[in-house]
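Protein chains: 4
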Amino acid sequence: MCGVFGAYSASGAPVLEDVYLGLSALQHRGQLSAGVAWTQGGSVHIKKGLGLVHEALQQNELAEIEAHAAIGHVRYATAGGTERENSQPLGANYAQGPVAIAHNGNLTNATALSSYLANRGAIFQTTCDTETIIQLMAHQPSTVQLEALENALTKITGAYSIAVLFEDCLIAARDPWGFRPLALGRRGDDYFVASESCAFEIIGAEFLRDVEAGEILVIDRRGVISRRLPITAQRLRHCSFEYVYFARPDSVIDGRSVYAARKNLGACLARGGKCPQNSIVAGMPDSGTLAALGLAQEAGVPFEAGVVRNRYVGRTFIQPTQRVREAGVKIKLNPQPGIFDGKEAVIVDDSIVRGTTAGRTVSTIRGAGAKKVHMRIASPPVRYPCYYGIDTPSSEELIAAQSDIEELRVKIGADTLRYISCEELCESIGLPREELCTACFDGGYLDEEESGGRLEV
Amino acid sequence: MCGVFGAYSASGAPVLEDVYLGLSALQHRGQLSAGVAWTQGGSVHIKKGLGLVHEALQQNELAEIEAHAAIGHVRYATAGGTERENSQPLGANYAQGPVAIAHNGNLTNATALSSYLANRGAIFQTTCDTETIIQLMAHQPSTVQLEALENALTKITGAYSIAVLFEDCLIAARDPWGFRPLALGRRGDDYFVASESCAFEIIGAEFLRDVEAGEILVIDRRGVISRRLPITAQRLRHCSFEYVYFARPDSVIDGRSVYAARKNLGACLARGGKCPQNSIVAGMPDSGTLAALGLAQEAGVPFEAGVVRNRYVGRTFIQPTQRVREAGVKIKLNPQPGIFDGKEAVIVDDSIVRGTTAGRTVSTIRGAGAKKVHMRIASPPVRYPCYYGIDTPSSEELIAAQSDIEELRVKIGADTLRYISCEELCESIGLPREELCTACFDGGYLDEEESGGRLEV
Amino acid sequence: MCGVFGAYSASGAPVLEDVYLGLSALQHRGQLSAGVAWTQGGSVHIKKGLGLVHEALQQNELAEIEAHAAIGHVRYATAGGTERENSQPLGANYAQGPVAIAHNGNLTNATALSSYLANRGAIFQTTCDTETIIQLMAHQPSTVQLEALENALTKITGAYSIAVLFEDCLIAARDPWGFRPLALGRRGDDYFVASESCAFEIIGAEFLRDVEAGEILVIDRRGVISRRLPITAQRLRHCSFEYVYFARPDSVIDGRSVYAARKNLGACLARGGKCPQNSIVAGMPDSGTLAALGLAQEAGVPFEAGVVRNRYVGRTFIQPTQRVREAGVKIKLNPQPGIFDGKEAVIVDDSIVRGTTAGRTVSTIRGAGAKKVHMRIASPPVRYPCYYGIDTPSSEELIAAQSDIEELRVKIGADTLRYISCEELCESIGLPREELCTACFDGGYLDEEESGGRLEV
Amino acid sequence: MCGVFGAYSASGAPVLEDVYLGLSALQHRGQLSAGVAWTQGGSVHIKKGLGLVHEALQQNELAEIEAHAAIGHVRYATAGGTERENSQPLGANYAQGPVAIAHNGNLTNATALSSYLANRGAIFQTTCDTETIIQLMAHQPSTVQLEALENALTKITGAYSIAVLFEDCLIAARDPWGFRPLALGRRGDDYFVASESCAFEIIGAEFLRDVEAGEILVIDRRGVISRRLPITAQRLRHCSFEYVYFARPDSVIDGRSVYAARKNLGACLARGGKCPQNSIVAGMPDSGTLAALGLAQEAGVPFEAGVVRNRYVGRTFIQPTQRVREAGVKIKLNPQPGIFDGKEAVIVDDSIVRGTTAGRTVSTIRGAGAKKVHMRIASPPVRYPCYYGIDTPSSEELIAAQSDIEELRVKIGADTLRYISCEELCESIGLPREELCTACFDGGYLDEEESGGRLEV
Ligand SMILES: Nc1ncnc2c1ncn2[C@@H]1O[C@H](COP(=O)(O)OP(=O)(O)O)[C@@H](O)[C@H]1O
Ligand SMILES: Nc1ncnc2c1ncn2[C@@H]1O[C@H](COP(=O)(O)OP(=O)(O)O)[C@@H](O)[C@H]1O
Ligand SMILES: Nc1ncnc2c1ncn2[C@@H]1O[C@H](COP(=O)(O)OP(=O)(O)O)[C@@H](O)[C@H]1O
Ligand SMILES: Nc1ncnc2c1ncn2[C@@H]1O[C@H](COP(=O)(O)OP(=O)(O)O)[C@@H](O)[C@H]1O
Ligand code: SF4
Ligand code: SF4
Ligand code: SF4
Ligand code: SF4
Ligand SMILES: [Mg+2]
Ligand SMILES: [Mg+2]
Ligand SMILES: [Mg+2]
Ligand SMILES: [Mg+2]
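From first to last, the protein sequence lines are chains W, U, V and C. Heads up: the first sequence at position 405 corresponds to 405 in UniProt numbering, and the numbers run straight through without jumps. Heads up: the second sequence at position 303 corresponds to 303 in UniProt numbering, and the numbers run straight through without jumps. Heads up: the third sequence at position 71 corresponds to 71 in UniProt numbering, and the numbers run straight through without jumps. Heads up: the fourth sequence at position 72 corresponds to 72 in UniProt numbering, and the numbers run straight through without jumps.
Next up, chain W with everything else stripped away, as it sits in the complex (with noise of 0.2 Å):
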């Protein structure tokens, strides 16, 4: 997962500093690298660095930049492998002029596309699959770059949202699915595309709309132009996975308040089974907190903090050593003492991937005197690992995948454990089944029809 961020001023003030705080209210899309690109001089100018957004880049020296344009990109784990030169933004000054391209998604044809080029002596620098529609670009005979990348996108599949900065335009695009979020706003003549609508709040903007799927959106000094991919999709599939666990609460993606999404997550589940006499309901901190609040208020039992959090103990505070390993996932989760003694105690998480937090859990949780354990996921179960963006770990990893929910208890050692299904989910979120993408719980990837012939994966 990653987040991509763009800014376009037509008044020519400088927005390297927005673009700054723009990744800073996406930075839970990705902790690994941060990067911004902007055009000065007639080519690309690049800064990007590992870590938080504050560690990769100097608030400072971007706020003296003259740039009225630029992107920016946050980078999670992803296949490229971890090392700085897949970092993003990936620029490039190519024979008709300078582009630099921030991406979120996954393409699904890369391989096919990176041996056609290099047969025709490309140079990847990167094993990233972004660099891919650059070197297409740079493979184009037409000289309008505009037109190169459209180009370009007609050839590859799969999911991408993603900026792109030319020497004085600022384009938006999203795959013919929209996987992947993106959303545009406004503050005066200013535009920005941000993967979701919560970024906008910190630099003043107002959210004007959701970047739609197969849309090209082209900024630059006389505003906004739409075009349209000449690809029509059979059918949508925005990320159901967003509204579960990437995204902010305080976003608003194709229509839909992830906030909504996951009090209705957790209301599903309360309808789901009655909880028990003198129980309390804790969410499993920060991913599971509002799915435990709706499930609470739904069922009208007491939500409690119980578990908590401590923010100043993660993994780029504390190193797993030895004794740290000892101490286990107790450095990230606590049970609030005397809290549970003696009560029935309703855990919610939003997923379970590998189990091992959430067995952990159970245990501790126990340990701090409940009675019983009751685990309650605010997802179906995850089976299949997601080829659109996200990093989830192959099926022999994802404990779901191996075992029926009743194995799955036994071996988390919960008391009990329900799940909801993935109807219920697309009913949470309040869009059609036919507009999600639900394949990570289902196994329903995009077929070889729907990707017009050019599926790979």
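Quick caveat, the hints were computed from the structure, so don't treat them as lab data. A portion of the hints provided could be inaccurate.
As the list claims (entries may be wrong) - Away from chain W, derived, C-beta distances all over 10 Å, residues of chain U:
(1) Gln-140
(2) Glu-147
(3) Glu-150
(4) Asp-168
(5) Thr-232
(6) Pro-302
(7) Val-324
(8) Thr-438
(9) Asp-442
(10) Asp-447
What the hints assert, rightly or not - Once the Cα atoms are required to be at most 27 Å apart in a straight line, the calculated DSS-like pairs of lysine-lysine come out as:
(11) U:Lys-411 x U:Lys-372
(12) U:Lys-411 x U:Lys-371
(13) U:Lys-155 x U:Lys-274
(14) U:Lys-274 x U:Lys-371
(15) W:Lys-47 x V:Lys-47
(16) U:Lys-47 x C:Lys-47
Stated by the list, open to error - Interface residues of chain U toward chain C, partial, derived using beta-carbon atoms under 10 Å:
(17) Gln-96
(18) Ser-115
(19) Ile-123
(20) Ile-134
(21) Ala-138
Here a beta-carbon is modelled for each residue, glycine too, at the ideal position from N, C-alpha and C.
Go by the hints and put chains U, V and C with the ligands onto chain W.
Relative to the frame of chain W, chains U, V and C with the ligands by itself:
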């Protein structure tokens, strides 16, 4: 406010990684600097640095040090300025041997003691009152370090919870009034002291008991011995603000759960006046959340996560440039979109200090569509500065010292504003008023008599 | 000017520390950046950074890498600008496999080649002419890397001494004119190539021979194979300025000792005109020292270390603030107090470029008490820019291109000024004039015919 | 060995950049750490760090500080260990005001003074004898700082050249024997003190005179006042080793040119015995170069730059890994190839300490083709440790203390080995033997009587 930690392993196991982890769990008590001290080859060694624990110290490096006794410190703002040399622990190798001290609190007669010592040739390296304790020790006739320390402690007055390291011995001491918390823990043969009990969980130790007011624990190869300062306080003065704001909710201080105290404070607010119909309750994250939950549950009104805090947008992440100042408090706290529309909002915070946050919050929530905004504060008005270790502004800057409650309501723009009383505060905590300090609320400071004639301030 | 180094261990021993040491011995050839490349798991790995070798690279880190073939580079100023991405070695993983190149020299037809390549979809990552070689390779039909390299080399003209790394093979090649030096060394089964023979001593290797003009050495598990470029130069053009200024005195280049050449240059100056009575000879450190010694010995006049250079007061040590500019050249060169009093000073420098140093020196020496100051320059006047890899200013800035020798004498304020002729230069080096380049002295550049029609500049 | 520098601008101009430049010129006297101190707002400010001046300090930062009085220090190895807190200047804000000291030398009664002070409550922050002077001042009854300093100086014995800073006054003082050099300079109304006169050139100041043994200079707004310590030395003891090795050749110390002294030492060696026919003279760079030149000129034998030192291959550049140790001294000193072939080599060094360098040199030169290798040492054998501020090894490690000259010749493998006598040393310097210290050569240390009964060592 600061946090202290100490570790002694009778079995001779290295303890510096435990100190690192313990300090991480106390990180909320101070983010300005962090440090550790240990003894080796008869002299004190100290590592300290600015910033968070993981910025100031190297976990790796510490893990390799073979010291079985050590102390550590995290530091908030202090009177001593932000310079590096004021970071703690402070250490010295003086005639009687090595000594290091980590101190949470504030001496009220430090100025008088300093000039007394300077006239006897003392050279102060820092402007930190902790150094006074060390200099006093060096100017005692006694050649036994423990005696010198006890003599020194009888000369000082005010708040101190200290961890002291001698060549092969760890001392923990708490002032006769018990202002700041201090807890004792154990893991097998290893003993630990920490500002808060929440620091034991992370290292797999169990919380044994609070260090008592006026108690001195001497921990060495033979175990733990309890001694008493030859000073008896007329009454206890445990800081009530620890329960309101400073301590972590999963700590238990002087026998009372911080979590329970905060929920009680909210319930107390609920009993103080009905919530309007069609209202929702939200807490200011994170300090107001538990009181909000307590209020919502007692009042039977829905609790919502109505205010979002961007975890990655804090002091260290974003610099207060012009552009950022314009964006104002939004960079930290955003209203959840859609939640407040057409509702009356009951917003709960733990306290109001200068009032800036409160004012902005009210207008933000109103801007998010709330019909009315009702502020509820889970403590009495803060009207007096604290001289016992908490960095509060002077009365001129304390908004509640400058206005009565109705004026304050008008200033922050709320429709209603309600506080609780000092009695309600003590009841919510669960300790008698004469065992709690409430001086910043009611001005009842330690007087000449209580401080045995050593008052100065 | 730059330095290149390559290492191949047939026995499979790790060589990156050797490359580090070799680059250190070539540090005088470039202080702007340093880098190394090696192959591992079928792809190229590169580490590079700005500054001196020990600033840009971590000896420790390199020592731990298990690569038995590697190349390295130190970089002076270049046309490509100082940006990080122009540092070398350059590497790429293209269709036929991994490749990395370290280049000393300057291509004279790079611009023409770049646009040819860009029109075929090539995306340039740097503004460095070395990348042209890699892009040319990628656009060759041949799937054998060595062939692709040889094809590429036949398309370029100008100066290049290169070390190239393929997956398991080290290549060293020198242009058909032999502009820049390149030497081959051996230690047991391990082979090394280096810009100068002085780099072998430090790693305990022995200097075998110069790589010849137009020669390609292929070094792999089976040993060293010598191949020839299918281009025959009409004449050789070994850079004479290497002997005058750039190379280290303990190097031997194309069969001639740099040390001997410099002493001969001084002797030649002595034969050009008697030194006045009561005179002393001093060299401008360090570049003029050996010629001064040669002059003094030939003339029978005492040599003195009359000008002191503060080793710790260089470009990297002291910043050119206002105060420092006032102090002028003094921060680097001071006259030895007492030495010049009442004497005539014969000051020897290797060359005059812009003339600033020369002018300041004369007045400084006069200020130190010299009755007269005689400047002697151990090379002909520099009147033309170099297009073959040495960063000389344009003719406008070359003081000897703007004035005749008498005018120049007046400008720098010397009592007398003497140069040597191009013939004397070649004699002093000990090579025939038609094997040496003297273009920066006499303007005799490579012409259309000599460069096989690929001339551009 | 260390270097001190002080600056006072009566016109109120900022002087910290001057101190930075002055310290750079004294860099040869200490490379372990560097620091500066100034007073501002009534208290001492200090910046110091490890490494060279430009590594330890930021020229930029210093240039912006508005202090018109300041001192600085560069530090070699010392008894105090390499820890950061032993870096100088040392400073303190004690009862009578701010004070900072930079010290070159070594007190011989520091241990006795320390325990005296510790028993009076003094807490030592460092293990550096300079702190003793500050603690002594703090324990004087006098409230006038200058008096307290003078009282303190009468209690100490040994070598000290110090620069002291009070609130608005710079003090320079030299011990009664004048062991270490100290010089006074002026630029307009600004006065400077420096360990060596060479430090004045770089800042455009003129060298006025040496500070005399036992003299105290008080420099403030009114100019320079000279005072005398109430201690008269029986004889002077200027360190002869400064002329031999430590000082920069362009300094003049106690009226004698270091450059002239070194050339005289070489001439003296020449007079001690004829050079063989067909021989060449070379100096060990850089310390043996001038003596070699003197020898060659006196003997009429050609001087050659026969040993090359790689400027970029020093302690800080290359780490002593296994591979590097194998390469041995070669990484620093290489023979000039071709020079020694078939010749007899006369190699001159300033001194032999442990003998390792000497032994390696002989075998290297022989390996470079010399028929015979004659070692000439431009000082008497070093047989005794120095207690006056120079870090020499103990007698066990001093090779000349363990062997007579013939044995030593055999150990280092030279064909002949010759030293000079103490008398010749003094003559070469040009001062009477009873004004020079030669203790490390002849064991004639300061005795009980000379040190006024304060001897300890
Ligand atoms: N693709 C993903 N990448 C990273 N974290 C995820 C992903 N999907 C869900 N998560 C989060 O990780 C948690 C998974 O926990 P779980 O499967 O129990 O343990 P584990 O930590 O072993 O993977 C979920 O609660 C969710 O918050
Ligand atoms: N001594 C203190 N130091 C720092 N923060 C405090 C202190 N006491 C309370 N706080 C926190 O700061 C908040 C005070 O907010 P408020 O007075 O409205 O605005 P301001 O941010 O202007 O001080 C409280 O909600 C509380 O969480
Ligand atoms: N191409 C070059 N780049 C850098 N330095 C050079 C070059 N050629 C010669 N030099 C050195 O620079 C010195 C030139 O000095 P000079 O022309 O008097 O003054 P300036 O410092 O103004 O260029 C020469 O003595 C030589 O040592
Ligand atoms: N006190 C000292 N500290 C450091 N170096 C010194 C000192 N005295 C002399 N030297 C330098 O060190 C060299 C000593 O070399 P030598 O005794 O042969 O070998 P080693 O390097 O084993 O000590 C001398 O030539 C001199 O330049
Ligand atoms: S497979 Fe799952 S995570 Fe991937 S896009 Fe579809 S719903 Fe989202
Ligand atoms: S004054 Fe307030 S903050 Fe200070 S100790 Fe007393 S209750 Fe705590
Ligand atoms: S022009 Fe001058 S510097 Fe350039 S290669 Fe020829 S001789 Fe060397
Ligand atoms: S003992 Fe030697 S080094 Fe020390 S002061 Fe005397 S002459 Fe100098
Ligand atoms: Mg989770
Ligand atoms: Mg708060
Ligand atoms: Mg020069
Ligand atoms: Mg030496």
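Worksheet item: Checking the smallest CB distance to chain W, is U:Gln-140 really beyond 10 Å?
Response: 38 Å, holds
Discussion item. Would the hint on U:Ile-123 be counted as holding, given a Cβ-Cβ threshold of 10 Å to chain C?
Written reply: Since the shortest Cβ distance to chain C is 4 Å, the answer is holds.
Worksheet item: Under the criterion that the straight-line Cα-Cα distance not exceed 27 Å, is the pair U:Lys-274, U:Lys-371 satisfied?
Response: Distance of about 17 Å is within 27 Å: holds.
Fill in: Verdict on U:Pro-302 as a residue remote from chain W, using beta-carbon distances over 10 Å
Since the minimum Cβ distance to chain W is about 6 Å, U:Pro-302 lies within 10 Å and the statement is violated.
Discussion item. Against the 27 Å threshold, does the CA-CA distance of U:Lys-155 and U:Lys-274 hold or violate the hint?
Written reply: Not OK: U:Lys-155 and U:Lys-274 at ~51 Å, beyond 27 Å, violated.
Worksheet item: Was U:Asp-168 rightly flagged as not at the interface, with every chain W Cβ beyond 10 Å?
Response: Holds, since 23 Å exceeds 10 Å.
Practice prompt. Measure nothing beyond the straight line between the CA atoms of U:Lys-411 and U:Lys-371; if it is 27 Å or shorter, mark the hint as holding.
Written response: 18 Å, holds
Item to complete: Quick one: work out the minimum CB distance from U:Thr-232 to chain W and report holds if it exceeds 10 Å, violated otherwise.
Response: 32 Å, holds
Worksheet item: Within a Cα-Cα threshold of 27 Å, do U:Lys-411 and U:Lys-372 meet the stated pairing?
Response: 15 Å, holds
Fill in: Hint check: 10 Å Cβ-Cβ cutoff, U:Gln-96 to chain C
9 Å, holds
Worksheet item: If you draw a straight line from the CA of U:Lys-47 to the CA of C:Lys-47, is it 27 Å or shorter?
Response: 18 Å, holds
Worksheet item: Hey, does U:Asp-447 actually stay past 10 Å from chain W on C-beta?
Response: Label holds. Min Cβ-Cβ 36 Å, cutoff 10 Å.
When the structure is compared with the earlier hints, violations turn up for hints 6, 7 and 13 and for no others.
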